[in-house]
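J.: Those protein sequence lines, which keep their order, are chains A and B. Each step along the first sequence adds one to the number in my numbering, with nothing skipped, and position 110 is 110. Each step along the second sequence adds one to the number in my numbering, with nothing skipped, and position 285 is 285.
Simulated from the structure, these hints should not be mistaken for laboratory data. Just to be clear, a hint being listed does not mean it is correct.
Stated by the list, open to error - To give a feel for the contact side, a few chain B residues facing chain A, derived at Cβ under 8 Å:
| no. | residue |
| --- | --- |
| 1 | 100 |
| 2 | 109 |
| 3 | 189 |
All residues carry an ideal CB built from backbone N, CA and C; glycine is no exception.
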Amino acid sequence: MNPQRSLLAASRWRWWEPLLWIAAFAAPFVLPRHAAIVNEIAITALFALSLDLILGFTGIVSLGHAAFFGFGAYAAALLAKHFIGDPLVGLAVAVAGSTVLGAIFSLTIQRGTDLTRLMVTLGAALILLELANKLDWLTGGADGLQGVTIAPLLGRFEFDLAGKTAACYSLAVLLVAFLLLRRLVRSPFGATLMAIRDNRLRAMAIGIPVASRLSAAYTIAAGLAGAAGALLAQTTGFASLDVFAFDRSADTLLILVVGGTGWLYGGVLGAVVFKLLQDLLSSITPQYWTFWLGLFLVVLVLVGRDRLLKPWTWVKGKKSATSGRSHA
Amino acid sequence: MLTILFDGIAYGMLLFILALGLAVTMGLMNFINLAHGAFAMVGGYITVLLMQKAGVPFLLCLPLAFLGSALLGGVLERTLYRPLYRKPHLDQVLFSIGLTFMAVAAVDYFVGSTQQILHLPDWLRGRTELGEGAWTLGMGHYRLFIIAVCAALTIVLQAVLTRTRFGARLRASVDDQRVAAGLGINVNVVFLSTFAFGSGLAGLGGALGAEVLGLDPAFPLKYMIYFLIVVAVGGTSSITGPLCAALLLGIADVAGKYYIPKMGAFIVYTLMIVILVWRPQGLFVRQGGKA
């Protein structure tokens, strides 16, 4: 099979995928009381997808991906509050804005080690958090940005309290982003990203422009994260400082790792599991659910994250744990 | 102005003691330990609880805070950290974030989420002023005390690292773990004791800093970034690097908050990003050492 066809074959629909998406779109109608959580899951999944592009496919460890999520959220909310409330226009502006922001910040991630990248990405999110906090005439500061009204979607569908429209809207955006991303990572461009992830030195040696590819991946991921943020702001009619919070970046990292990195359905699956678990745990222990989250993370790493889904390998095969792919 | 400089130095010294253990784990063992702030928090809480509940004098609390967090650090190193030294950085990040989340929730559960207040003894409360006008130097006694303790610690540490047998073994293990092991150095013991000592220093820093920085369950998350900045900017191969970075950061932060309070912590983060883009390995890197 020639290379082009093998790449295309990998991005073709499997038989079970249409069923999955139909089930997802049907969920808000079958379970109308849970439409809000379907919406939340779709947004989280979109955010996790965007992190997967840089972490799972390109190998950039980022602790501050919420920077772009938050920027998109504030951009969409401010636009709706002061200019026009049309959701699609807001989405487009938020995506454009966070893409530009991502392009600027992508200059900072090209050099250095994992530690340096962790620090500058974390720093980027914190700078935006400080800005949103201090520019309170614009963003409402610590109280958040209130009074955001969103016009009906396509001029017809109102955003209601039950959240059916919101869920369908977010799911549709998620589907479009998913298809675009799959096309992207199964293209020659995506193949170079994975080559960089696996061995940067070797990728450089065969003539892949590493720095510009890293920037491009980071910029695209920033745009997608901005879309997720915009969806959150539009469907809740609210933007507050916690969109930039460190917890959000950390949670998303966890979601992605639970679902599996470098596999686009991983982010979606992780988001479903995580949100349902969060819902369940925080209804049992509302204040201390982060303890269980932390415990889960620790156990996950000690067991080995690639083996968590395969319980039968926990007891035997201690040796194979160390032979996993190394990012060093 | 001198007062601000003085406060900045005190703050920087405190950050240095807090971050030193982290410099050790990140520099030596190449382990990204985001849970370092949790050890500092443990030290702070040991001090506060001992003083409030048992009436232990402040000066006695400091060594106890050191010992308590060192013990905890040692136990955790032996049980949880050691298997992870060879894992990818992502695993280490996830693991230490998990530990931090657990520590935050556990402290919240056992002690409560309110900010703890440390009652300093009387002789540390005063303030001395020197000079006059724009050049007034106002020195809080407690800050003087912090500077004195931290300076003494720094000198002792530098001596231990460069003059003693243990220091030589440690530096050998840092530079090349395998060759050091081949020379008959028990790398595991060296790392265990160093990790425990670093955690102890964090605990001591937390105890000293409880009055200045404030102590509540969110402490590890709030100050994590500061420790990381100190280590990332200073480089991890010597203790002078983190010391300079900590002083720079302390002075920049205090001065920034005094002169342009609207900007808040903005200055510090921007400074960090600029430095890291300019020198990704940190400002003070020893030539020839392994990155």
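J.: Decide, hint by hint, whether the structure agrees.
T.: Taking the hints in turn, this is what the structure says about them:
1. 100: holds (7 Å)
2. 109: holds (6 Å)
3. 189: Residue 189(B) check fails; min Cβ-Cβ to chain A is 22 Å, beyond 8 Å.
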